[in-house]
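Following the hints, put chain B in place on chain A, whose structure we already have.
So the sequences go chain by chain: A and B.
Here the UniProt record's numbering is used: the first residue of the first sequence is 1, the next is one more, and so on.
Here the UniProt record's numbering is used: the first residue of the second sequence is 1, the next is one more, and so on.
By construction, these hints were calculated from the structure, which means they are not laboratory data.
Backbone N, C-alpha and C define an ideal beta-carbon position, used for all residues, glycine too.
Heads up, some of the hints might be wrong.
Partial list, derived from the structure: chain B residues whose beta carbon lies under 8 Å from chain A [unchecked claim]: (1) Pro90; (2) Thr97; (3) Gly117.
Which chain A residues stay away from chain B? Per the calculated CB distances, all over 10 Å, these [as the list claims (entries may be wrong)]: (4) Leu10; (5) Val27; (6) Phe90; (7) Ile241.
Listed next, the stretches of chain A that the computed footprint assigns to chain B, with coverage defined by at least 3 CB atoms under 8 Å from CB atoms of chain B [to be verified]: (8) 173-180; (9) 188-200.
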Amino acid sequence: MNRRAHLGALLALPMFWLIGIYIFSLVMLLVTAFWITDPFTSKVKPGFTLRNFEQIIANPAYFSTSMRTLGIALAVTILCILISIPLGIFMAKVAGPKMRALLAVAITLPLWAGYLVKILAMRITFTEEGFFNWALSPFGISGPGFSAFTVVLTLTYLWLPYMAVPVYTAIRQLPPNLFDASADLGAGAWHTIRTVVLPLIRPAIIAGSIFTFSLSLGDYIVAKFVGGSTQMIGSIIASNINLNPPIAAAFALVPIAFVVIYLVSVQRTGALERM
Amino acid sequence: MRASAQQAPSVSDSPRSLPGTVTLRQVAKRFGEFSAVEQLDLEVQPGEFLSMLGPSGSGKTTVLRMIAGFETVTSGSIHLSGTDVTQTPPHSRPVNTVFQDYALFPHLTIAENVGYGLRVGGTNRTDREAQVRASLEQVRLSAVADRLPHQLSGGQRQRIALARALIMRPQVLLLDEPLGALDKQLREEMQIELKQIQREVGITFIFVTHDQEEALTLSDRVAVFNNGRIEQIGSAREVYEFPKTEFVARFLGLSNLIRGTEPGAELVSVRPERVRLSAADTAAAPGETSFLGTVAEAVYTGPTTRFLVDTEDGQRLTAERANDHHPSAETAFGRGDRVRVGWTADHATRVA
Numbered sequence: 001m002n003r004r005a006h007l008g009a010l011l012a013l014p015m016f017w018l019i020g021i022y023i024f025s026l027v028m029l030l031v032t033a034f035w036i037t038d039p040f041t042s043k044v045k046p047g048f049t050l051r052n053f054e055q056i057i058a059n060p061a062y063f064s065t066s067m068r069t070l071g072i073a074l075a076v077t078i079l080c081i082l083i084s085i086p087l088g089i090f091m092a093k094v095a096g097p098k099m100r101a102l103l104a105v106a107i108t109l110p111l112w113a114g115y116l117v118k119i120l121a122m123r124i125t126f127t128e129e130g131f132f133n134w135a136l137s138p139f140g141i142s143g144p145g146f147s148a149f150t151v152v153l154t155l156t157y158l159w160l161p162y163m164a165v166p167v168y169t170a171i172r173q174l175p176p177n178l179f180d181a182s183a184d185l186g187a188g189a190w191h192t193i194r195t196v197v198l199p200l201i202r203p204a205i206i207a208g209s210i211f212t213f214s215l216s217l218g219d220y221i222v223a224k225f226v227g228g229s230t231q232m233i234g235s236i237i238a239s240n241i242n243l244n245p246p247i248a249a250a251f252a253l254v255p256i257a258f259v260v261i262y263l264v265s266v267q268r269t270g271a272l273e274r275m
Numbered sequence: 001m002r003a004s005a006q007q008a009p010s011v012s013d014s015p016r017s018l019p020g021t022v023t024l025r026q027v028a029k030r031f032g033e034f035s036a037v038e039q040l041d042l043e044v045q046p047g048e049f050l051s052m053l054g055p056s057g058s059g060k061t062t063v064l065r066m067i068a069g070f071e072t073v074t075s076g077s078i079h080l081s082g083t084d085v086t087q088t089p090p091h092s093r094p095v096n097t098v099f100q101d102y103a104l105f106p107h108l109t110i111a112e113n114v115g116y117g118l119r120v121g122g123t124n125r126t127d128r129e130a131q132v133r134a135s136l137e138q139v140r141l142s143a144v145a146d147r148l149p150h151q152l153s154g155g156q157r158q159r160i161a162l163a164r165a166l167i168m169r170p171q172v173l174l175l176d177e178p179l180g181a182l183d184k185q186l187r188e189e190m191q192i193e194l195k196q197i198q199r200e201v202g203i204t205f206i207f208v209t210h211d212q213e214e215a216l217t218l219s220d221r222v223a224v225f226n227n228g229r230i231e232q233i234g235s236a237r238e239v240y241e242f243p244k245t246e247f248v249a250r251f252l253g254l255s256n257l258i259r260g261t262e263p264g265a266e267l268v269s270v271r272p273e274r275v276r277l278s279a280a281d282t283a284a285a286p287g288e289t290s291f292l293g294t295v296a297e298a299v300y301t302g303p304t305t306r307f308l309v310d311t312e313d314g315q316r317l318t319a320e321r322a323n324d325h326h327p328s329a330e331t332a333f334g335r336g337d338r339v340r341v342g343w344t345a346d347h348a349t350r351v352a
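For reference, chain A alone in the conformation it holds in the complex (with noise of 0.2 Å):
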């Protein structure tokens, strides 16, 4: 038997999916970057150019989305972080089987309606004559609208799930004596979940995280529905995408380029090692 021959027939496919269809069109998407339109016949032309790149933080307007959209990407990191680890502490280590199931049917039920029903959701709970408005009117108050904000709790709703099954797993794996231990040394719970749990579970929410991060920096048709005004880096892809591709292409590489700043700073934390 030929032992590469299997290993070579084993890996054909995957190999074909890494290097054939993702780097190849990543490696196109970059290059494309550089290339040039012709202002007047908005032709693309091969070629190497700095200018688009140059663009994306001379405009104010393409500077100021870029900046929103890590805004954003980050408010809805945070904000996945700070539900899960105490929803993720009630359910691995309060509730009952009962209410952990029911709670772990809760969090993941987001991942089984399709992505537009749920951006369909939020839309007709937020809009004008919706749910929040409704309710809040008699204090005077209303609602936050179609807004930036609007967008982050979209977010939040769509990408919860990355982030709290991922810490939920991992609160529930620790060990229950670790909880005694400190316990038993003097540490209250509060002490118990910062100097133990926290350090403990950090490689769970970096693995959270960096999906809550790409997916939201990635994402326009939200912003698109229930923000309002608000655009992302999306949004300026998208309108680019014909009119002008390489423009796109190079805004197409800032989320990368956060993704990357973020995973290499990451990594020199050691978080990544134990993941």
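Chain B only, in chain A's frame:
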């Protein structure tokens, strides 16, 4: 069990307030339908080394966890040094625990693990570091202060778990099968070390184990647990030599359990090393109960030889003889030899 087991505790009968006393009164623990501990009374004296011995599921660990505060009691009360701690959370009880699998914090260095409790309690950095250093010296592990727990051997981790608990200067130290994960030789070394440390610090040790030899070796008193109750409590000698129940006789070492033939006859326990073995033609000694039989098996165990003897009335008895001279005992009788086995009344204990 103590006499107070029968009577309800009264106000005048207040628990002893000497530091290090542990008093359990009518303590019960149920998990749903399952009764883990039933109406248990126990008083541990200051500075005593008490072992709680029993098979798994006998309730011994549950009792330890209730003393530590990790489990609440279903009913009854727990006093530590005279103070009622029944409702006190674990972090406020003056006891510390050495856990079965050590439960060291995997993300903290050995020094940080040992200093964890002091840090929680707000001891300043200089004092803390000095105490951690002294504590690591006590268990002879100063060299590993900056390592992580997973870089240590089982025996080292065990000693760190001990140091981490002792640095808190508890009135009572609880040990939950702390030597269970170690191999036999290391376990025996650690037993001696534990006993020495207990003598040095002079505090109460409550030690959970399912290893009868360990319990007998270490303890001032042994409480033998079965089905959520204490079957017997007493010195190692008392529970071994004078088991009160069939369970205790069987659980602690080998025992011959003999019932007379007439109906309603009592059950008697005789330890194999108390059984006298002689040639069949020797006469029974005065006052001796004896049977004639045939040696079915002679097993050489090193320090002793164990003889399994089938008596004429159909019982199988075990006799053990020390191999303390040459030619040693194993050559005295062989398979198929006719022998007399017997014991005097003071070597037999009536069991329930």
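Hint by hint, here is what the structure shows:
no.: 1; hint: Pro90; result: holds, 4 Å
no.: 2; hint: Thr97; result: holds, 5 Å
no.: 3; hint: Gly117; result: holds, 3 Å
no.: 4; hint: Leu10; result: holds, 34 Å
no.: 5; hint: Val27; result: holds, 40 Å
no.: 6; hint: Phe90; result: holds, 18 Å
no.: 7; hint: Ile241; result: holds, 46 Å
no.: 8; hint: 173-180; result: holds (count 4)
no.: 9; hint: 188-200; result: holds (count 6)
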